[in-house]
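There are 2 protein chains.
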Amino acid sequence: MLLPSVSERSALTRRREQLAKALGSAAALLASSRPRPRNYAADQFPFRASSHFLYLFGLATPDGVGLYDGQGWTLYLPEPGPDDALWDGAVPGFAEIAERTGCTVRSRAELPAALKGRDVAALPTPDLETCLDVAALLGREVRPGHLAAVDVPLADAMIALRLRHDDAAQAQLRQAAEVTVLAHMAGMRATRPGILEAAVRAAMEAEFVSRDVRPAYQPIVTVHGEVLHNLRYDHTLREGDLLLADVGGESPAGFACDVTRTWPVTGRFSTTQRELYDVVLRMQKASIDAVQPGTRYRDVHLAAHREMARGLVALGILRGDPEELVVDGVTALFFPHGVGHLLGLDVHDMEDLGDRAGYAPGRTRSPEFGHRSLRLDRDLEPGMAVTIEPGMYQVPAILSDARLMARAKDRLQRDVLARYADVRGIRIEDDVLVTSDGNEVLTAAIPKEASDIEAVMTSSARPAPGR
Amino acid sequence: MLLPSVSERSALTRRREQLAKALGSAAALLASSRPRPRNYAADQFPFRASSHFLYLFGLATPDGVGLYDGQGWTLYLPEPGPDDALWDGAVPGFAEIAERTGCTVRSRAELPAALKGRDVAALPTPDLETCLDVAALLGREVRPGHLAAVDVPLADAMIALRLRHDDAAQAQLRQAAEVTVLAHMAGMRATRPGILEAAVRAAMEAEFVSRDVRPAYQPIVTVHGEVLHNLRYDHTLREGDLLLADVGGESPAGFACDVTRTWPVTGRFSTTQRELYDVVLRMQKASIDAVQPGTRYRDVHLAAHREMARGLVALGILRGDPEELVVDGVTALFFPHGVGHLLGLDVHDMEDLGDRAGYAPGRTRSPEFGHRSLRLDRDLEPGMAVTIEPGMYQVPAILSDARLMARAKDRLQRDVLARYADVRGIRIEDDVLVTSDGNEVLTAAIPKEASDIEAVMTSSARPAPGR
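If you read the protein sequences in the order shown, they are chains A and B.
Under the working numbering, think of the first position of the first sequence as 5, with each following residue one higher.
Under the working numbering, think of the first position of the second sequence as 5, with each following residue one higher.
Honestly, the hints are just simulated from the structure, not real lab data.
Quick caveat: nothing in here was measured; it's all calculated off a predicted structure.
Ideal placement from N, C-alpha and C gives every residue a C-beta, glycine not left out.
It is possible that part of the hints are untrue.
Said to hold, decoys possible - Which residues of chain B face chain A? A partial, calculated answer using Cβ under 7 Å:
| # | residue |
| --- | --- |
| 1 | Asp171 |
| 2 | Gln174 |
| 3 | Val231 |
| 4 | His233 |
| 5 | Arg242 |
| 6 | Glu243 |
| 7 | Val399 |
Stated by the list, open to error - So the derived label-pair ranges between C-beta atoms look like this:
| # | chain 1 | residue 1 | chain 2 | residue 2 | range |
| --- | --- | --- | --- | --- | --- |
| 8 | A | Thr275 | B | Ala449 | 41 to 51 Å |
| 9 | A | Lys120 | B | Arg376 | 58 to 68 Å |
| 10 | B | Gly76 | A | Thr462 | 52 to 62 Å |
| 11 | A | Glu243 | B | Ser29 | 50 to 60 Å |
| 12 | B | Ala26 | A | Pro84 | 53 to 63 Å |
| 13 | A | Ser111 | B | Asp171 | 45 to 55 Å |
Hey, can you work out the whole structure from these sequences and the hints?
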């Protein structure tokens with residue numbers, strides 16, 4: 005069990021104090037998680053505690069429960085079993101955990117008595133088994149994706165806290181970014197025609213694994229970037245392919261990094277690839293420039309679409325007024341997802357609470373194709389971290405959909421588009437922290453100018469992967 | 005979705021036919037699994053279908069259900085949603101899946117009608133959510149670790165089938181072994197003082213990931229081999245340490261390999277390490293020699309203990325009659341786990357069904373310390389695959405337990421043992437297939453003689469990892 009450091013302890017204590025202040029005399033419970041079985045009980049996926057629990061206690065420990073009883077916090081943990089030391093070695097005692105978390109620790113066996121007769125708010129965990137445990141403890145339904153009335157103030161208080169990252173959280177986001185930089189550099193350097201996508205993935209993940217870092221999400225490393233959630237790694241890289249890598253690491257305390265780069269398999273973009281790449285890069289820079297305190301995030305999303313419209317018109321792929329091309333949903337045909345989302349302990353931060361975290365009160369998702377996939381529409385505030393990840397894709401399922409394509413009318417020049425057949429999908433994604441006077445790109449050290457990528461990939465002095 | 009090959013199709017068809025024959029007119033249902041969320045619904049662990057479903061249908065597809073209605077098999081699969089092609093790309097249609105699995109395929113929407121009014125046996129999946137789905141479909145309780153009376157004949161029929169691996173399963177076990185050989189060779193070559201355990205893990209896993217292979221279980225790569233389930237990778241390797249690596253890959257169809265090697269961080273065993281290493285190696289060879297058709301597996305386990313007793317007496321660590329040292333549980337103080345287990349689609353094959361798979365009818369676990377951890381006690385038959393993995397550990401939680409140590413009486417020479425302080429944990433594990441005239445070690449290509457390990461580690465011509 006990794007214990008929080010002293011600097012983390014003060015942040016954890018402050019977070020619990022702030023949440024207590026927001027809750028007043030209302031009791032609240034946050035559970036960690038059970039280990040999740042893969043094949044059978046003893047063969048498990050790597051353990052991940054729930055993010056709300058990690059945020060308040062910093063402990064990646066199974067079966068923990070934090071309880072605020074209206075006055076103070078107590079952490080209830082399972083007591084070690086008689087054989088635990090044999091199988092799992094020495095584990096820290098309750099006194100040490102109390103010292104490092106700054107929170108009273110008691111045996112989980114005492115939890116039912118502490119809950120007795122109380123109306124206690126809780127947030128569901130992604131782990132259904134833990135939800136059922138908590139439901140049994142509270143005598144009511146608790147399930148992922150569902151909040152009871154009593155849970156809503158807790159959810160809103162947690163969202164208010166986690167939306168703006170404190171110094172400790174920002175330090176973790178930077179740590180996650182640092183190792184992700186190494187992964188993307190290793191990926192660019194490992195890429196060459198004839199190998200599998202999986203081989204590039206291996207080079208990238210080795211940067212994580214060798215430093216005892218976990219991927220924050222299942223990596224996408226594909227020559228078929230037009231398949232947006234592509235989790236296959238079995239294609240062979242060929243000359244003329246672009247490789248899209250959406251890969252990010254997780255910090256020791258569980259904070260995520262989320263970065264995409266797209267690079268040519270040969271190390272050199274073709275003219276057509278370079279032209280579309282530069283359109284996406286301008287989309288991304290315009291969006292990052294729009295990330296400022298007070299900006300509505302939907303406008304960041306639309307800034308990317310406007311830049312895409314201008315760029316595709318300049319290339320002759322689209323005709324017409326750029327603003328109208330955005331409003332009529334023509335750009336969404338090539339950029340069918342949102343420009344980004346909240347980032348924190350979750351890659352899509354607090355998406356376990358649905359759109360309650362991503363959408364400001366009173367705002368809802370657009371019903372329009374493409375725009376309905378936008379996960380965030382809040383006014384940006386200092387301390388928020390967001391991803392900026394526009395893309396340009398030629399998706400067969402879209403381009404062959406007459407109903408969808410009808411919106412383009414005669415404004416799409418299919419013959420011009422056909423010249424760009426060597427581009428299936430491009431995405432460029434960075435993690436951006438909103439600051440009091442603008443923003444800071446946490447992942448700026450990863451090359452994204454086409455010429456910089458080419459320089460990394462064709463440098464004769466390629467350092468060996470792993471160092 | 006990876007579809008079964010033609011040779012797999014005939015094996016899948018044969019397995020379903022054999023199961024149908026055993027079931028007669030009794031209906032039975034085998035479910036795949038849901039994707040398991042890590043942080044929230046859309047952030048998932050890598051998908052793994054349940055092993056029983058994989059065994060019969062060879063499809064790593066979520067939410068599939070195979071139904072035997074007393075006459076024939078039908079595979080019920082979810083129909084693709086309207087946006088699936090956008091996010092997930094083209095997926096094979098039902099006709100193609102039917103062709104490749106050799107089984108009729110229908111929409112999952114038709115499943116409730118097919119179940120109506122039937123008494124249907126089912127096996128729980130490790131995924132609780134899928135169990136709850138199946139429970140709702142069948143109108144009764146279905147949960148991991150539990151069998152209803154109607155389920156028992158299905159469990160027993162499945163065990164009877166999966167216990168003896170058919171040619172297709174054996175081919176998969178060999179494939180899993182082949183890539184595991186590469187991982188262990190890479191691990192030995194990557195090891196040197198001053199790096200993290202995680203760095204060796206990274207070199208080993210890169211052999212899997214680069215070939216699009218998954219680890220069959222969470223790897224153990226540790227200088228603290230005495231912590232039996234050590235999943236930490238954050239220690240720095242120091243001169244004089246032994247590194248224990250328990251790492252295995254999974255074949256495309258989901259079959260496991262499970263191998264442990266222990267090697268010196270410097271590439272050279274110390275005299276004391278070598279002496280104990282050779283004891284464990286003799287234990288392992290004696291156990292492998294005992295793997296024969298008709299042998300009771302408990303006797304394989306005891307063969308390892310007897311060899312340990314002889315070895316430790318020869319070194320002066322123990323005194324007394326070797327047979328008595330085994331019977332009195334003295335060797336179990338240094339070898340507190342079982343000598344191995346079944347191997348197949350699960351690393352501990354069919355452990356989801358408890359000891360029903362591992363223990364022959366009428367046999368139960370020993371209540372004795374150490375021996376109670378033995379997972380298998382069947383008479384071996386051709387086609388069974390087992391691991392053979394004796395070890396020797398100095399576990400502080402045992403050596404400091406006066407009650408446990410009392411069994412040694414004056415037969416433990418603590419002063420002699422103290423000279424072996426540079427050995428904390430050694431385990432040597434291979435995968436062994438029972439053949440009609442003996443056995444075949446599937447993982448024989450991984451060096452295990454101390455001198456062979458030293459030769460690999462100190463060879464000047466170390467091939468680069470990844471090839």
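Could you check if B/Val399 really has its C-beta closer than 7 Å to a C-beta on chain A?
-> Hint holds; B/Val399 Cβ to chain A Cβ min 6 Å, cut 7 Å.
Between A/Glu243 and B/Ser29, does the beta-carbon spacing fit 50 to 60 Å?
-> 59 Å, holds
Does B/Glu243 meet its interface restraint, that is, does its C-beta lie within less than 7 Å of any C-beta in chain A?
-> 20 Å, violated
Mind checking the CB of B/Asp171 against every CB in chain A and telling me if the closest is under 7 Å?
-> Not OK, violated: B/Asp171 not within 7 Å of chain A, min 23 Å.
B/Arg376 and A/Lys120 - C-beta distance against the hinted 58 to 68 Å | With a Cβ separation near 37 Å, A/Lys120 and B/Arg376 fall outside 58 to 68 Å, so the hint is violated.
Are A/Thr275 and B/Ala449 spaced within 41 to 51 Å by their CB atoms?
-> 49 Å, holds
Identify whether the interface hint at B/Gln174 stands, where standing means a beta carbon of chain A within less than 7 Å of its own.
-> With a minimum Cβ separation of about 19 Å from chain A (threshold 7 Å), the hint on B/Gln174 is violated.
Range agreement (Cβ of A/Pro84 with Cβ of B/Ala26, hint 53 to 63 Å) | Given range 53 to 63 Å: violated, Cβ gap about 44 Å.
Satisfaction of the B/Arg242 interface hint, Cβ to chain A closer than 7 Å = 17 Å, violated
Was the hint right that B/His233 lines chain A, CB cutoff 7 Å?
-> 5 Å, holds
When you take the CB atoms of B/Gly76 and A/Thr462, is the distance between them in 52 to 62 Å?
-> 59 Å, holds
Does the nearest C-beta of chain A fall within a distance shorter than 7 Å of the C-beta of B/Val231?
-> Hint on B/Val231: holds, closest Cβ of chain A at ~4 Å, below 7 Å.
Checked against the numbered hints given earlier, the structure breaks hints 1, 2, 5, 6, 9, 12 and satisfies all the rest.
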